[in-house]
Amino acid sequence: DVKVTQSSRYLVKRTGEKVFLECVQDMDHENMFWYRQDPGLGLRLIYFSYDVKMKEKGDIPEGYSVSREKKERFSLILESASTNQTSMYLCASRLGMTGVQHFGDGTRLSIL
Amino acid sequence: GQSLEQPSEVTAVEGAIVQINCTYQTSGFYGLSWYQQHDGGAPTFLSYNALDGLEETGRFSSFLSRSDSYGYLLLQELQMKDSASYFCAVNTNAGKSTFGDGTTLTVKP
Numbered sequence: 001d002v003k004v005t006q007s008s009r010y011l012v013k014r015t016g017e018k019v020f021l022e023c024v025q026d027m028d029h030e031n032m033f034w035y036r037q038d039p040g041l042g043l044r045l046i047y048f049s050y051d052v053k054m055k056e057k058g059d060i061p062e063g064y065s066v067s068r069e070k071k072e073r074f075s076l077i078l079e080s081a082s083t084n085q086t087s088m089y090l091c092a093s094r095l096g097m098t099g100v101q102h103f104g105d106g107t108r109l110s111i112l
Numbered sequence: 001g002q003s004l005e006q007p008s009e010v011t012a013v014e015g016a017i018v019q020i021n022c023t024y025q026t027s028g029f030y031g032l033s034w035y036q037q038h039d040g041g042a043p044t045f046l047s048y049n050a051l052d053g054l055e056e057t058g059r060f061s062s063f064l065s066r067s068d069s070y071g072y073l074l075l076q077e078l079q080m081k082d083s084a085s086y087f088c089a090v091n092t093n094a095g096k097s098t099f100g101d102g103t104t105l106t107v108k109p
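Chain order of the listed sequences is W and U. Under the numbering used here, read the first sequence as residues 1 to 112, first letter to last. Under the numbering used here, read the second sequence as residues 1 to 109, first letter to last.
Bear in mind the hints are in silico, worked out from the structure with no lab data behind them. A few of these clues could be false.
Unchecked claim - These stretches of chain W come out as covered by chain U in the derived footprint (C-beta under 8 Å, 3 or more residues):
hint, region
1, 28-35
2, 50-63
As the list claims (entries may be wrong) - A few chain W residues that don't get close to chain U, going by computed Cβ distances all over 10 Å:
hint, residue
3, G16
4, K18
5, E22
6, Q101
7, H102
8, L112
To be verified - Interface residues of chain W toward chain U, partial, derived using beta-carbon atoms under 7 Å:
hint, residue
9, G42
10, L95
11, T98
12, V100
13, F103
14, D105
15, G106
All of these numbers come straight from a predicted model, not from anything done at the bench. Beta carbons: idealized from backbone N, C-alpha and C, even for Gly.
Just need the whole structure built from these sequences, with the hints factored in.
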């Protein structure tokens, strides 16, 4: 069965900290995505990656970076966390262009 | 860029049929997907349309008209467990996937 695992379910960090969110998939999918979800705003794409070491900006990349050193792992980095980055972060993976996106359970990140 | 519009809320009774519409504006359109999300849960895939027409999967069907930049999700024989948020999402030929803001469906007894 398909599995996307996010490293933390809940995370609390301080303003100015560098924060790492990790995502691992076990399906050998080429494509991986990071979204944030806020009430009433749906899922907004931060970054996606279509191959190892490849990345593309999504709709709201400011304040974030990503790393994909191995096919199964896609990391989201908050370079200097700010309170407006408090949100639910969702990772997803997809096989090819038309395949289903499989989501992790999400990380609820609070920046204090 | 991409933009999608869907109703924010829909209410229906058990056993009824409900249609959730989605209109989109995008360049490089590749396909339209639908996802369901229960409170506190992760989005789960429901249906995908790349070509015009109707796709049926059990009680759920999805329709696409590429010329009208329009699609809908049809839920039949509504059950209480169908109460959830429903998102349409556009896939582009650049590999990007953009979601709408979601429709909250409330099913009443």
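Checklist entry - For the region 28-35 of chain W, do at least 3 residues have a Cβ located nearer than 8 Å to some Cβ of chain U? => result With 3 residues close enough to chain U, the hint holds.
Checklist entry - Close enough to count: is the Cβ of V100(W) nearer than 7 Å to one in chain U? => result Given a least distance of 4 Å, the restraint on V100(W) holds.
Checklist entry - Taking the least C-beta to C-beta distance, is G42(W) closer than 7 Å to chain U? => result holds (4 Å)
Item to check | Check on H102(W) being off the interface with chain U, judged by Cβ distance over 10 Å | outcome: Label violated. Min Cβ-Cβ 8 Å, cutoff 10 Å.
Next on the checklist: Over 10 Å from every CB of chain U: does K18(W) meet that, or does the non-interface label fail?
Outcome noted: holds (26 Å)
Next on the checklist: Can you tell me if the region 50-63 of chain W counts as covered by chain U, using C-beta to C-beta distances under 8 Å and a minimum of three residues?
Outcome noted: Our answer is that it holds, as 4 residues pass the Cβ test (under 8 Å) against chain U, meeting three.
Next on the checklist: Tell me if the interface restraint on D105(W) is satisfied: Cβ within less than 7 Å of some Cβ in chain U.
Outcome noted: holds (5 Å)
Next on the checklist: T98(W) was flagged as interface toward chain U. Is the shortest Cβ-Cβ separation under 7 Å?
Outcome noted: holds (6 Å)
Checklist entry - Against chain U, does E22(W) keep a CB gap of more than 10 Å to every residue? => result holds (16 Å)
Next on the checklist: Can you verify the interface hint for L95(W): is its Cβ closer than 7 Å to any Cβ in chain U?
Outcome noted: violated (12 Å)
Checklist entry - For the hint on F103(W), does the least C-beta distance to chain U fall short of 7 Å? => result Given a least distance of 4 Å, the restraint on F103(W) holds.
Next on the checklist: Quick check on G106(W) please, does its C-beta sit within 7 Å of some C-beta on chain U?
Outcome noted: With Cβ-Cβ at 6 Å, under 7 Å, it holds.
Hint compliance for this structure: hints 6, 7, 10 are broken, all remaining hints hold.
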